[in-house]
Amino acid sequence: THKVTYHAAKIALGLADKLPLGNLDAQRDWGHARDYVKAMWLMLQQEVPDDYVVATGRTTSVREFCRLAFECVGLKSDDYLEVDERYLRPAEVDILLGDPSKAKTRLGWTPETSLEGLIAEMVKADLERVKRKGY
9 THKVTYHAAK IALGLADKLP LGNLDAQRDW GHARDYVKAM WLMLQQEVPD
59 DYVVATGRTT SVREFCRLAF ECVGLKSDDY LEVDERYLRP AEVDILLGDP
109 SKAKTRLGWT PETSLEGLIA EMVKADLERV KRKGY
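Be aware that the sequence shown starts at 9, since it is given in my numbering, and climbs by one per residue.
Keep in mind that a hint or two might mislead.
The list that follows gives simulated cross-link-like pairs (lysine to any residue, SDA-like), each with its CA atoms no further than 25 Å apart [said to hold, decoys possible]:
#: 1; residue 1: K18; residue 2: G65
#: 2; residue 1: K132; residue 2: E90
#: 3; residue 1: K26; residue 2: Y88
#: 4; residue 1: K26; residue 2: Y95
#: 5; residue 1: K132; residue 2: L50
#: 6; residue 1: K132; residue 2: A20
#: 7; residue 1: K11; residue 2: L123
Here are the computed distance ranges between Cβ atoms for each label pair [what the hints assert, rightly or not]:
#: 8; residue 1: L96; residue 2: V45; range: 16 to 24 Å
#: 9; residue 1: Y95; residue 2: R66; range: 21 to 29 Å
#: 10; residue 1: T118; residue 2: D86; range: 30 to 38 Å
#: 11; residue 1: D25; residue 2: R114; range: 20 to 28 Å
#: 12; residue 1: A133; residue 2: Q54; range: 40 to 48 Å
#: 13; residue 1: S109; residue 2: K84; range: 21 to 29 Å
#: 14; residue 1: S69; residue 2: S109; range: 41 to 49 Å
#: 15; residue 1: D92; residue 2: L52; range: 35 to 43 Å
Just so you know, the hints here were simulated from the structure itself, not pulled from any lab data. Just so it is clear, CB atoms sit at the ideal spot from N, CA and C, and this is done for glycine as well.
Let the hints inform the model, and build the full structure from the sequences given.
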């Protein structure tokens with residue numbers, strides 16, 4: 009995820025021209041660490057320990073993640089994405105999607121940050137970092 013937002017920032021600032029990735033069709037369940045830490049805190053408040061899946065319950069492709077990130081800097085990701093065989097995984101899991109229903113039911117937890125919000129936050133931070141450091 010950081011590779012995508014970092015490259016979107018670098019490309020927007022004229023410091024890179026391509027983003028090399030592997031399987032653009034792989035789907036992942038991305039969420040914000042801030043939300044996950046809240047879920048962990050809620051788990052620690054329980055009298056009886058238990059196992060929970062902490063996830064958003066939403067799956068998004070790498071390609072769509074890239075589109076959203078590049079949209080934050082006013083660019084079309086398709087103009088900059090490059091599939092590089094070095095990043096293809098021989099044992100790729102096509103879809104990773106968590107079911108957070110137990111955490112919702114027992115802990116009252118649901119993620120508060122949307123994927124779009126997460127990406128916008130990451131792109132903004134990377135733009136600031138690249139402007140400040142120049143790389």
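Structure-based check of all given hints:
1. Using a Cα cut-off of 25 Å, the hinted pair K18 and G65 is violated, with the two alpha carbons roughly 31 Å apart.
2. Under the criterion of a C-alpha separation no larger than 25 Å, the hint pairing K132 with E90 is consistent with the structure, at around 23 Å.
3. Simply put, K26 and Y88 have alpha-carbon atoms about 5 Å apart, close enough for the 25 Å limit, and the pair holds.
4. The straight-line distance between the Cα atoms of K26 and Y95 is roughly 14 Å, inside the 25 Å bound, and the hint therefore holds.
5. Restraint check for K132 and L50: the C-alpha separation of about 29 Å exceeds 25 Å, so the hint is violated.
6. Taking the CA atoms of K132 and A20, the gap is near 12 Å; set against the 25 Å cutoff, the hint holds.
7. Of the supplied pair hints, the one linking K11 and L123 holds, its CA atoms being roughly 16 Å apart against a limit of 25 Å.
8. For the pair L96 and V45, the supplied restraint of 16 to 24 Å is violated, since their beta-carbon distance comes to about 32 Å.
9. Between Y95 and R66 the C-beta distance comes to about 24 Å, which sits within the given range of 21 to 29 Å.
10. The hint said 30 to 38 Å for the Cβ distance between T118 and D86, and at roughly 33 Å that hint holds.
11. Between D25 and R114 the CB atoms are about 49 Å apart, so this pair departs from the stated range of 20 to 28 Å.
12. With their beta carbons about 33 Å apart, A133 and Q54 fall outside the hinted range of 40 to 48 Å.
13. Checked against the hint of 21 to 29 Å, the C-beta distance between S109 and K84 comes to roughly 36 Å, which is inconsistent with it.
14. S69 and S109 have their C-beta atoms about 23 Å apart, which leaves the hinted 41 to 49 Å range violated.
15. Checked against the given bound of 35 to 43 Å, the beta carbons of D92 and L52, roughly 41 Å apart, stay inside it.
Consistency with the previously given hints fails for numbers 1, 5, 8, 11, 12, 13, 14, ordered from lowest to highest.
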